[in-house]
Each structure stands twice: as C-alpha cells, then as structure tokens.
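Asker: Generate coordinates for the entire structure from the input sequences, incorporating the hints supplied.
Line order of the protein sequences matches chains S and E.
For the first sequence, counting from 1, position 214 maps to 214 in this note's numbering; every step adds exactly one.
For the second sequence, counting from 1, position 114 maps to 1114 in this note's numbering; every step adds exactly one.
Keep in mind that the hints were calculated from the coordinates and are not lab data.
Please note that the accuracy of each hint is not assured.
[Said to hold, decoys possible] Listed below are the simulated BS3-like cross-link pairs for lysine-lysine, each with C-alpha atoms no more than 30 angstroms apart in a straight line:
(1) 1077/E - 1112/E
(2) 1013/E - 134/S
(3) 38/S - 1145/E
(4) 1013/E - 1065/E
(5) 1235/E - 1192/E
(6) 1117/E - 1145/E
(7) 1117/E - 1065/E
(8) 1192/E - 1109/E
(9) 1077/E - 134/S
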Amino acid sequence: MLSWTRESAMTEIKEDNVCRTGEWVPENRLSRSWAKLKRNKAALVGGVLLLAYVLSAFFAPLLFPGNPSAPNLINSLETPTLKEPLGTDELGRSILGRIIYGSRISLLIAVGVVSVGIILGIPLGLVSGYYGGKIDFAIQRVTDTMLAFPGFLLALALVAVLGVGLKNTVISIGISMVPMYIRLVRGCVLSVREEDYVEAARAVGTRDLIILVRHILFWASGCSRPPPNGGRCSVRPGLTCSMHHMWRLFPALPSFWQCSVSTCWVTACAMPWTRDSKYECTPKTAPGNQGLARPLSHPGRRCQGGGWDRF
Amino acid sequence: MHARFHTLDGVVKAVDGIDFEVYQGETLGLVGESGCGKSVTALSILQLLPCPPAEIQGRILFEGKNLLDLDQEDVRKIRGNDISMIFQEPMTSLNPVLRIGEQISEAAKIHKNMTRKEAWRWAVEMLRMVQIPGPGSRSRQYPHKFSGGMRQRAMIAMALCCNPRLILADEPTTALDVTIQAQIMTLMQGLKDDFKTAIVLITHDLGVIAEMASRVVVMYAGKVVEEAPIKELFKDPRHPYTQGLLGSIPVIGRKEQTGRRLQEIPGIVPSPLQTPLGCRFHPRCPKVMNRCCDQEPPMICLAEHRRVSCWLEA
Chain S
1 MLSWTRESAM TEIKEDNVCR TGEWVPENRL SRSWAKLKRN KAALVGGVLL LAYVLSAFFA
61 PLLFPGNPSA PNLINSLETP TLKEPLGTDE LGRSILGRII YGSRISLLIA VGVVSVGIIL
121 GIPLGLVSGY YGGKIDFAIQ RVTDTMLAFP GFLLALALVA VLGVGLKNTV ISIGISMVPM
181 YIRLVRGCVL SVREEDYVEA ARAVGTRDLI ILVRHILFWA SGCSRPPPNG GRCSVRPGLT
241 CSMHHMWRLF PALPSFWQCS VSTCWVTACA MPWTRDSKYE CTPKTAPGNQ GLARPLSHPG
301 RRCQGGGWDR F
Chain E
1001 MHARFHTLDG VVKAVDGIDF EVYQGETLGL VGESGCGKSV TALSILQLLP CPPAEIQGRI
1061 LFEGKNLLDL DQEDVRKIRG NDISMIFQEP MTSLNPVLRI GEQISEAAKI HKNMTRKEAW
1121 RWAVEMLRMV QIPGPGSRSR QYPHKFSGGM RQRAMIAMAL CCNPRLILAD EPTTALDVTI
1181 QAQIMTLMQG LKDDFKTAIV LITHDLGVIA EMASRVVVMY AGKVVEEAPI KELFKDPRHP
1241 YTQGLLGSIP VIGRKEQTGR RLQEIPGIVP SPLQTPLGCR FHPRCPKVMN RCCDQEPPMI
1301 CLAEHRRVSC WLEA
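Answerer: The following block contains the structure:
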C-alpha cells in the first residue's frame, strides 16, 4: 500500500504540474493549451491571422458601415486615400469594404463545404471501415468513381446540374470533397478497428453505434480534423478587377491573405516535426499531436500519423 | 466446439472439437503452448471472432442456453453482463482517449441501466475494490497515467463491473512483472471467492495455474489432450505433452538433485493448416509408437474430470 501511495503521489506531481524540462505547467487545461501554443511562434502567427480574418468577417458591418455593392460612380477608380485605404473600383465601390464582405462569403462557403463533406463523409467512412465486406465494397466503388473526376471538375459538373448560387456552390464543392473524407476516415477506422480496446469494448457488450462513435471516431477525429483552408474557397462573386494595375492588386489581396493564413496554418501544423523534443510534456508524441493540433489535442492521444499529408 | 477460419491458404482448424465444463465458483485452467487455440476458444465463447472468416460450430452451453443459437443482440446482452473477459494486454486494451471511470462505467450503463452519475460512482467503487489507491481521482485520469499493473486492475474492475457469473481471463498476468502478477492473482482469487464467479484462466504459465486453478485442461493444436484436477496433474501427468510442459519449468537445484537439465519439448506447434495425421503430438513426442502416426488416439476417461487422449493409456 505504501509504495502505491508514494508512486501515485509522484506521478501526480510529475505529470500534472511539471514537464520534463522542469517547467511548471498550469493545472487548467485551457491555460496549458495556451502555454503550448505560445511556444510555437508559427502556430501563433497563423492563429492570430486566422482569428483576425474570422473576426473581420464576423464584424464586417461594424468595420465597414454602408453597402459594399452600392455604386458611387463619382468616386470611381480612386487611388488609396485615408478614407478609402485601398481605393475604389470602376464603379466607385470601396475595395476594402468589398474585401471584408467578400471574406464573409468565403468563410461561409468554407464552413458549409467542410460541413457537407463531414456530414456525408464521416458516417460513410465509419460504416465502410468498421463493417467491411459488401457495404465497404459498395461505398468504396462509388468513392472510386467520384475520385476518378478531378475535384474541381466534379464540383463544376454538379453546379451545372444544380444551378448557380451560394447554396448550390456549397453543396457541389462539399459533395466533391466527400470521397476524400470517406477515404480518410475509413483509413483511420481500419487502423483503429483492430485495437484491443475496441475488442474489449465489444466484450463488455457495447453497441456497434457506441463503439463507432466513442471508441473509433474519437480516436480517428484526431487525424481527420480538416484544415479550414481559406484558399480552397475563393469563390467570390462580384469582385472584378479594373484596368488599372494597382486596382488589380487589391482585389487579389484577399486571396493573398487567405493563402497566407492557410499557409501559416499548414506551416503551424508542419513546423513541429522539426521541433526540439525537450519541450514535450506528453509522454508519447507523434506527428499529428503537434503544432496547432497539439494544444488542441487530447492529453492521452497519440495520433497514428499521416493526417495532413493525406489531403 | 469447433472453430475454423476460412483463409486463402485453406481452412484453419484453430479449435477442433474441444469440450470442457466450468462450474460455479470454480477456476478452470486452460493450458497450452502459444498457438494451441486457447484464445480462440475464449473469443468463440463470447463470439467476438469476425464471422466470416471464422466459423464456429458445436454447442456452447451457458446455464442451459446454447450461445451459438442466440442472435447478435442477445449475445451482446450476455457479454459483460453474464460473461466477461479480461484481456492479455492491459496496455492496449484500454482506450487511451477515454477516462478510466468512463470505460469501467460503460458496462454498468449498458447492462444495469444506470445513469451516467450512478455508473460513475459504481466505477469508483469497483476501482476501490481492485485496490487502486485514491479511486475517486484515479477514475478521472486517462490510461496513460496508469502503470501496467494498475491498468490490469482497471481491466479486472471492468470485467467485474456487472458481477458476471463467468470470467474468461486470457493470460491476465502475462504482460506484468512477477510481483505484480502475484498481487493480481491474489486479488482475482479474493474477488472470485467474494462474488462466486467462475473463472476460465487461460495461460501458459503453469506456476500461475498451480496457484489459482482447481482443475486444468491441457490443449494441444486445437484439441484437449488431458484434463485433471490440479494436484493430480502436477503429481501424475499422463500425456507426454503435459509431462513435457511440466519438465520445462525451471526448478532451482534440479540438476544437483536429479542430474537432469531443464528439458524442452523439441519442435513447435504444427500449423493448423497442416495438422499431422494420427496423434497431433506424435512428431514431437518422446514416447511415440507406430500407431500414433496414423491413428488418432481416443479420449480415455480415467476418473471424473480425469481424462487423457493418448495411446499409452489405451
């Protein structure tokens, strides 16, 4: 009894409050995540950019009062001034305002597309991987067919069938992403399905659905967390370039902005591969357990790797 | 009972016609080398083997009911509630992303219709019962904070959660070091006496068997070769395979006493794809006779729960 008490007391101190370097680690999970994030500068920069992007889209009416689509021909093609930091386009509309409002649509499409992909892709991938056999075969052959088309072409074809519009754009791009999610989730499920604890869960009489959600999806979700890729959703109806070189630059800015955000995000997740392992606090670390993914990740989880590069 | 696997290389008869009984409150040892079909036997009882490729035939009677006749839903209700299993690998049999308490309370939630809170309280009680210090705070931790012995205790708590009548313990101590082994064994013995649970103890460690079991079934290549009460098995092993197993236990000072070195059984367990004709043990048997090579020996009953399958006894 004595040795157990001592052992447990020691683990308590070692694992909860001090990491291997002897640094004090906060008790609270949130502040611990923040401490981890602070160490990774690339992740921090990416996170701040992303946050700024999301916040500006959310608070667009506060940042830019007025209608970004209302033409004001008197002020057309103005050079940047204090009032119009990025100038105006050929119809005299503020380019900054249009960028800010444009990001709303971008984000909306991004969230919508990923949601469609997840809602359709994850259940299908789970079922396909867990049950195998005929169901797996059927789902995978349909997936093969969908993957045979280039993603963009598939989305375009779907738009041609469904018609244009924000909703149809989201649906068609979302559907074109479904096969990727199916494959990704199925792969994760296949690697987790044979784990002993899944068998142990079955041995205590757990239902299949609960096993799928609690024991497999929880684990696989570490690998399938989709990067909110800004660059992927640069469908911005109505943003046209003027003839002037300078004006051509500014509408391109959101794309640049998105690219930088997404690049930083990806970098943030890629960077820690090269990181010094002396900072590690969790006992077992694997590629997927790091970067922005790390502070967000689960304390006991070791990702099975290969999450990001599958995209 | 038979368990076959249909594979691309042919039909693997992992378990080929075995029969044994377990009584209430009894510990039955199931012994044999690696690859004898011990684990397949346990998994077949709970029907945890994927079918196909596995095909299980025969009868598995539990309190008069044939488990093989039940549909999936009924089997699921029995798993964890009436029959539960302790797995070999405590390190991988717990889900690393769920708290210990959550995993133990799962069975209680499923079978005893407890609410989340009740089940959690029950899980803490179970952890206390398996002598984990500070069960309240421990139940909120994740498996990576548990040592091997503690994880195995947690697995035992999980198995005992619904107070099952039969526990299938598949090498519960193999992955643990010797001192922890002894603790776990004592613990299981105590819990067995408290709960009147029957245990099927699957192991290749005859020391553990001697400590725990009251009766032993020896398996070889998917068949039962000998069954005996524990004392008789150690005193008077009849089957050459059992003799070989007992001879391969190291005993300090044996060489000085008997002049013999530690014995081994030459060769390995035959692949279940190509089982030898006649007695399955004959290619490795030191006492092999002519008819062992082409005729399968009958099961010879010597007394109640004392039987052996060998031509030497015929």
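Asker: Evaluate each hint against the coordinates.
Answerer: Against the structure, the hints:
A distance of roughly 10 angstroms separates the Cα atoms of residue 1077/E and residue 1112/E; the hinted pair therefore holds under the 30 angstroms criterion. Between residue 1013/E and residue 134/S the alpha-carbon distance is near 25 angstroms, which keeps this suggested pair within the 30 angstroms criterion. Of the supplied pair hints, the one linking residue 38/S and residue 1145/E holds, its CA atoms being roughly 25 angstroms apart against a limit of 30 angstroms. The straight-line distance between the Cα atoms of residue 1013/E and residue 1065/E is roughly 25 angstroms, inside the 30 angstroms bound, and the hint therefore holds.
The suggested pairing of residue 1235/E with residue 1192/E holds, with an alpha-carbon distance near 26 angstroms, which does not exceed 30 angstroms. The hinted pair formed by residue 1117/E and residue 1145/E meets the criterion: a straight-line CA distance of about 23 angstroms does not exceed 30 angstroms. Our distance criterion of 30 angstroms between C-alpha atoms is broken by residue 1117/E and residue 1065/E, whose separation comes to about 34 angstroms. Distance hint between residue 1192/E and residue 1109/E is fulfilled; the C-alpha atoms sit about 23 angstroms from each other, no more than 30 angstroms.
For the hint linking residue 1077/E to residue 134/S, the alpha-carbon distance of about 26 angstroms falls within 30 angstroms, and the restraint holds.
Taken one by one, the earlier hints fail for this structure only at number 7.
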